[in-house]
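K.L.:
Each chain, letter by letter, is given below.
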Amino acid sequence: MTPDRSDPLEGQLDEWRAAFDRSFAEPRRLGDDDAVLDVLGIRIAGDPFALNLADLAGLQPAMPAAPYPATAPGLLGLAGHQGQVLPLYDLRALIGRGAATAVRWWAIARAAPLALAFEGFDGQWRLTPGDRLQQSDAAGTGWAVRCGGALRPLIELEGLIAAVAGSQLGEPSAGSFTTTTSAGAAGR
Amino acid sequence: MWTFGRKLSMGFALSFALLLLIGTLAYRGVDLLTQTSYQVARTHAALTHVEALMSLMKDAETSQRGYLLSGEDPYLEPYRQAVANLPRQLAELRPLIRDNPGQQARLNQATAMIEGLMQLHKERIETRRTSTTEAALRVQGLGEGKRRMDELRGVISQMEEEENDLLRQRAQEVESAASGVRMAIVWGTVAGALLVLAAALTLNRALSGQVGTAVKHVQRSSAELQAAANQQAAGARETATSMTEISTISELLATSRQIADSAQRVVVIAEQTAGLARGGDGTLQAARETIAAMRRQIDLVVDHMLDLGRKSQQIGVVMDLVGELAEQTNILAINATIEATVAGDAGRRFSVVADEIRKLADRMTASTKEIRLQIDDVRGAVNTTVMATETGSKAVDAGARQFDDVAATFAKIAGQVVTTTDAAREIELSTKQQATAVEQLNVALSNTAQASRETEASSGQTSQTATELAEMSRDLLRLVQAQPT
Chain A
1 MTPDRSDPLE GQLDEWRAAF DRSFAEPRRL GDDDAVLDVL GIRIAGDPFA
51 LNLADLAGLQ PAMPAAPYPA TAPGLLGLAG HQGQVLPLYD LRALIGRGAA
101 TAVRWWAIAR AAPLALAFEG FDGQWRLTPG DRLQQSDAAG TGWAVRCGGA
151 LRPLIELEGL IAAVAGSQLG EPSAGSFTTT TSAGAAGR
Chain B
1 MWTFGRKLSM GFALSFALLL LIGTLAYRGV DLLTQTSYQV ARTHAALTHV
51 EALMSLMKDA ETSQRGYLLS GEDPYLEPYR QAVANLPRQL AELRPLIRDN
101 PGQQARLNQA TAMIEGLMQL HKERIETRRT STTEAALRVQ GLGEGKRRMD
151 ELRGVISQME EEENDLLRQR AQEVESAASG VRMAIVWGTV AGALLVLAAA
201 LTLNRALSGQ VGTAVKHVQR SSAELQAAAN QQAAGARETA TSMTEISTIS
251 ELLATSRQIA DSAQRVVVIA EQTAGLARGG DGTLQAARET IAAMRRQIDL
301 VVDHMLDLGR KSQQIGVVMD LVGELAEQTN ILAINATIEA TVAGDAGRRF
351 SVVADEIRKL ADRMTASTKE IRLQIDDVRG AVNTTVMATE TGSKAVDAGA
401 RQFDDVAATF AKIAGQVVTT TDAAREIELS TKQQATAVEQ LNVALSNTAQ
451 ASRETEASSG QTSQTATELA EMSRDLLRLV QAQPT
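Residue numbers (the working numbering), protein chains in the order written: chain A, 1 to 188; chain B, 1 to 485.
The set of hints was computed from the structure by calculation and includes no laboratory data. Just so you know, these numbers come straight off a predicted model, no measurement behind them. Just so you know, even glycine gets a beta-carbon here, dropped at the ideal spot from N, CA and C. One or more of the hints may lead you astray.
Stated by the list, open to error - To spell it out: a stretch of chain A is covered by chain B in this simulated footprint if at least three of its residues, at any positions, have a beta carbon under 8 angstroms from a beta carbon of chain B; those stretches are: (1) 46–58; (2) 123–135.
What the hints assert, rightly or not - Under the rule of at most 25 angstroms between Cα atoms (straight-line distance), these lysine to any residue pairs were calculated in the SDA-like manner: (3) B/Lys359 / A/Pro27; (4) B/Lys311 / A/Arg17; (5) B/Lys359 / A/Leu78; (6) B/Lys369 / A/Ala54; (7) B/Lys359 / A/Ala165; (8) B/Lys216 / A/Ala102; (9) B/Lys369 / A/Gln82; (10) B/Lys369 / A/Pro27; (11) B/Lys369 / A/Cys147; (12) B/Lys359 / A/Ala18; (13) B/Lys311 / A/Leu9; (14) B/Lys369 / A/Arg146; (15) B/Lys359 / A/Phe20; (16) B/Lys369 / A/Arg17; (17) B/Lys359 / A/Ala54.
Please model the entire structure based on the sequences and the hints provided.
P.N.:
So, in structure tokens, the structure goes:
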């Protein structure tokens, strides 16, 4: 190990140790919990997206889905989570980006008993309200979050779940899903 | 074809045989003549003795008659001489007629008659001495004596006739022998003359033919010899001139000595090179051992690096495990956050702790990724090092092989240097021998020049001798042949 590389590492180690110790020393900032936004950074079709952690009931690595004989759009099969059998939908297909080639993660929705499969998981960020930006591009949901210096479109799961429920009831469709999602996000 | 000498010998042999024949014939004729003359002389002696015998008998008769008549003693003197000489005459006559039995018989008859007559004469003389003349004359009848004397004369005449016949016979024999000798001389002379003439003709023809041809050959050969001698003299003169003009020999001698000196220096340098090559061989051996040690160290390094690679791989596996744990921790932290969010206010504290755990998990994941990158770097460096080391090992092997080649080449060079040293020594020796040979050649060339000059002089003498020989040949040809060609 060369000295010019050991010094930054030791500095980082010291910084981490100091931060860890500081977390015990500093007073808890419980008053501004409302302002805290926990987001989950995911990757769909190579593009970064974000999910609101409050919309989720769990995250787990993907496992082989049990096939289910149905023709609903985006339905991949059945998934098991903490003793429950949930329908598994392809998040990429639900946001209109086509069928996913290989899913590695399942996110369990809180609002409805269903699971969403996506391709990549980048991390989780606890954001301040200043990191939440409104974005007007058509590809996103109307909102974007700044995670690690990069903007990620925030996917509004409530609209998606409503769209899935609507499609199961015979309602259309991907276009209304986007509108609904945008409306849901705007309402929030 | 008969040679000249053979013809000459044949002519002399024939002449000798002819002379021998003539001599033999003449000798035999002379011998016959001599024998015949001896016999003639003996016949003449016999005739003389017969006539003397008859004369003595006549003297004795006459003497006794005179004594008878005179009675005087002096008349008896012839008688006494006859008595004294008759036996001697008879003794001398007998050998002369020994070869004629007829004459011997007549001589015996005549001897008896002579003895009878002499006895008669003696008796008459005694009678006359003792008696008178008349008585004696009466007693002694004279007729008896005359008769006996006539008989003796007849016998003597026969003997004389016989001897004369012998003389005539001898004369015929002499004539015959003389005729033979004359014939032999005449015909032998004629034959000898003919033989000599034939031999002369033959020898003359041979002389003017064979000897003339030979002399002409000698003459032509003399001319050719003279020309050859002139050419030889010219060649010898040119050779002598060339020999004296050759100065390259001296330069060659100097060059040979320089080459010998250079070869000697080459020998010294080659010996020094051989010594250096032997020293270099030791250095090469040490370098080879160093290379072998380097090869072992490289193998050791390769083993260590491979071991390091394996350990890095194991570390990677452990880091995978740690990464997996960090990811699972992260997922658990996220789920804990989710659960804390669901718990509402009661979960807020827990949410903070869960966030701290997630941060640690994130840091762990990041560190794990960094460690993985570094481990990958280490493994890549190890692989690169192993490959580089193996390349180096191959290079060392190649270097070792090249070094072996260099060592072998160096050994060959050392051997070649030894060979070069030997060759240089041989060159030095050969060059010295060459210098010696060149010196000998120089001496030989000087001798050759001297010999060429002597040859030139000898050729002059040869030319002169050839000229004299040609003149002698012309003289001999003139002597042999009447007309010069």
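K.L.:
In ascending order, which of the hints set out earlier in this document are inconsistent with the structure?
P.N.:
4, 5, 6, 7, 8, 9, 10
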